[in-house]
Amino acid sequence: MTYHIDQNGFYGEFGGAFVPEVLHACTEQLQQAYASILESQEFQHEYRSLLRNYVGRPSALYEAKKLSAKYGARIFLKREDLNHTGAHKINNALGQVLLAKRMGKTRIIAETGAGQHGVATATACALLDMPCVVYMGKTDIGRQMPNVERMKMLGAEVRPVTCGNMTLKDAVNDAIRDWCCHPQDTFYVIGSAVGPHPYPDIVARLQSVISEEIKWQLQEQTGRDYPDYLMACVGGGSNAIGTFYHYLDDQRTHLVLAEAGGLGSDTEQTAATIHSGSVGILHGSRIMVLQDADGQIQEAYSISAGLDYPGIGPVHCNLAKQHRAEVLSINDDEALNAAFELTRMEGIIPALESAHILAALPKMHFKPSDIVVLTVSGRGDKDMATYLKH
1 MTYHIDQNGF
11 YGEFGGAFVP
21 EVLHACTEQL
31 QQAYASILES
41 QEFQHEYRSL
51 LRNYVGRPSA
61 LYEAKKLSAK
71 YGARIFLKRE
81 DLNHTGAHKI
91 NNALGQVLLA
101 KRMGKTRIIA
111 ETGAGQHGVA
121 TATACALLDM
131 PCVVYMGKTD
141 IGRQMPNVER
151 MKMLGAEVRP
161 VTCGNMTLKD
171 AVNDAIRDWC
181 CHPQDTFYVI
191 GSAVGPHPYP
201 DIVARLQSVI
211 SEEIKWQLQE
221 QTGRDYPDYL
231 MACVGGGSNA
241 IGTFYHYLDD
251 QRTHLVLAEA
261 GGLGSDTEQT
271 AATIHSGSVG
281 ILHGSRIMVL
291 QDADGQIQEA
301 YSISAGLDYP
311 GIGPVHCNLA
321 KQHRAEVLSI
331 NDDEALNAAF
341 ELTRMEGIIP
351 ALESAHILAA
361 LPKMHFKPSD
371 IVVLTVSGRG
381 DKDMATYLKH
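Be aware that the sequence shown starts at 1, since it is given in my numbering, and climbs by one per residue.
Keep in mind that a hint or two might mislead.
Said to hold, decoys possible - Listed below are the simulated EDC-like cross-link pairs for lysine to aspartate or glutamate, each with C-alpha atoms no more than 16 Å apart in a straight line:
id : residue 1 : residue 2
1  : LYS66     : GLU341
2  : LYS389    : GLU326
3  : LYS70     : GLU346
4  : LYS101    : GLU46
5  : LYS363    : ASP333
6  : LYS363    : GLU341
7  : LYS367    : ASP381
Said to hold, decoys possible - Pairwise CB distance ranges, derived in the manner of DEER restraints:
id : residue 1 : residue 2 : range
8  : PRO160    : ASP249    : 41 to 47 Å
9  : MET103    : CYS163    : 40 to 46 Å
10 : GLN7      : MET153    : 29 to 35 Å
11 : SER40     : GLN221    : 30 to 36 Å
12 : ASP292    : GLU157    : 31 to 37 Å
13 : MET1      : GLU157    : 25 to 31 Å
14 : ALA126    : ARG344    : 34 to 40 Å
15 : SER369    : GLU42     : 32 to 38 Å
16 : ASN53     : ASP292    : 45 to 51 Å
17 : SER278    : GLY223    : 42 to 48 Å
18 : GLU39     : ASP129    : 23 to 29 Å
Derived by calculation from the structure, the hints in this document are not laboratory data.
By construction, the Cβ of each residue, glycine as well, lies at the ideal position given by its N, Cα and C atoms.
Assemble the whole structure, with the sequences as input and the hints as a guide.
Printed below as a string of structure tokens:
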């Protein structure tokens, strides 16, 4: 059994491409083109060169000695916060804009929640001379203003979204509407492992550099290329699938996901989709979603803008359904406490998204011999207003 995508664009029962007729040709064109382009020697040479010389990869794998002593295992932090633009999002954005250019597209659109994907896409577009429009919920604009200003400085147009609760789901809705109106010249750079096939696989392939590096970095530091535990936060799931990619079928490694519990997975103020959701269709894919008895999508809530999404990528839905991954729900207060703990113990200020997986550490039962790799997906600069408030 494999946990990778099948030839029809599904992970088990999850995935697929459920799109309006106007976008059928776009997704069909992308399905036919993406694999051969991403696997081509020309693409790989340019992409790998940019990752090395522009993004600053490989990102460090740091053994957190104080954290290890407290939680009773060898804990390594995969430092995606050290990438150019401050998160893992740049790996995917650069790759997708390169893909768009090779497909002859002349305009880029994107959605963003916490702003990191928007900043990464705006950065890639500035570098590669592509016009860029980023859709962002008005609520998120208010709580992520530094990233909004960064996008504008990079030359992107930031379009506020005022429908729904004005967060990530609503930004995706408006981006899809734009794509429906401009299917010929526009490429939609999706920031997470969600959306219609082939987007989850595109994002997985581009983010897989994370686990690719973990393998040889662990070999160098521990003498073996696999951890006992691999841990990542999950909203849509791009940093998580990047962290897991090369270990999906390696049963020696226990996979752990942390989703945003908000005020509690048993309340209406949550984004804990695996714990509180059910199977439905959202943004072109069959996934687990937060919905009412009539199938209407419910508003998600999290203190973290990047995890404030009522769905989760199909690969992670399947990992949870097949019990390949352990999924923990982390509440706002637990994430905040974990963020301050890492800051004081290791001198690393994490993004609120990453703080959710750090908060999973007290819930784990490690042995002293266990090797644990935890991905710090982004840095906390963008969340300083929230940290100061608390």
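Hint check:
1. For a cut-off of 16 Å, the pair hint linking LYS66 to GLU341 stands: about 10 Å separates their Cα positions.
2. As the CA atoms of LYS389 and GLU326 are separated by approximately 32 Å, the hinted pair breaks the 16 Å bound.
3. Simply put, LYS70 and GLU346 have alpha-carbon atoms about 12 Å apart, close enough for the 16 Å limit, and the pair holds.
4. For the given pair, LYS101 sits about 12 Å from GLU46 by alpha-carbon distance, which is consistent with the 16 Å threshold.
5. Proximity of LYS363 to ASP333 is assessed by CA-CA distance (about 15 Å); at most 16 Å being required, the pair is judged to hold.
6. Taken as a hint, the LYS363 and GLU341 pair is honoured in the structure, with Cα atoms around 15 Å apart against an allowance of 16 Å.
7. Restraint check: the Cα-Cα separation between LYS367 and ASP381 comes to about 34 Å, which exceeds 16 Å; the hinted pair is violated.
8. Between PRO160 and ASP249 the beta carbons are some 43 Å apart, a value that agrees with the proposed interval 41 to 47 Å.
9. Roughly 30 Å separates the CB atoms of MET103 and CYS163, a value that falls outside the hinted 40 to 46 Å.
10. A C-beta distance of roughly 43 Å is found between GLN7 and MET153, which places it outside the suggested range of 29 to 35 Å.
11. One distance hint, 30 to 36 Å for the beta-carbon pair SER40 and GLN221, holds here, with the actual separation near 33 Å.
12. Look at ASP292 against GLU157: about 35 Å separates their beta carbons, and that is inside 31 to 37 Å.
13. Taken as a hint, the range 25 to 31 Å is violated for the pair MET1 and GLU157, whose Cβ atoms sit roughly 45 Å apart.
14. A beta carbon spacing of about 36 Å between ALA126 and ARG344 agrees with the range 34 to 40 Å that was offered as a hint.
15. Our hint of 32 to 38 Å for SER369 and GLU42 is violated, since their Cβ atoms are close to 45 Å apart.
16. Between ASN53 and ASP292 the beta carbon distance is about 49 Å. The supplied range of 45 to 51 Å therefore holds.
17. A beta carbon spacing of about 44 Å between SER278 and GLY223 agrees with the range 42 to 48 Å that was offered as a hint.
18. A beta carbon spacing of about 25 Å between GLU39 and ASP129 agrees with the range 23 to 29 Å that was offered as a hint.
Comparing the model with each earlier hint shows violations of hints 2, 7, 9, 10, 13 and 15; every other hint is respected.
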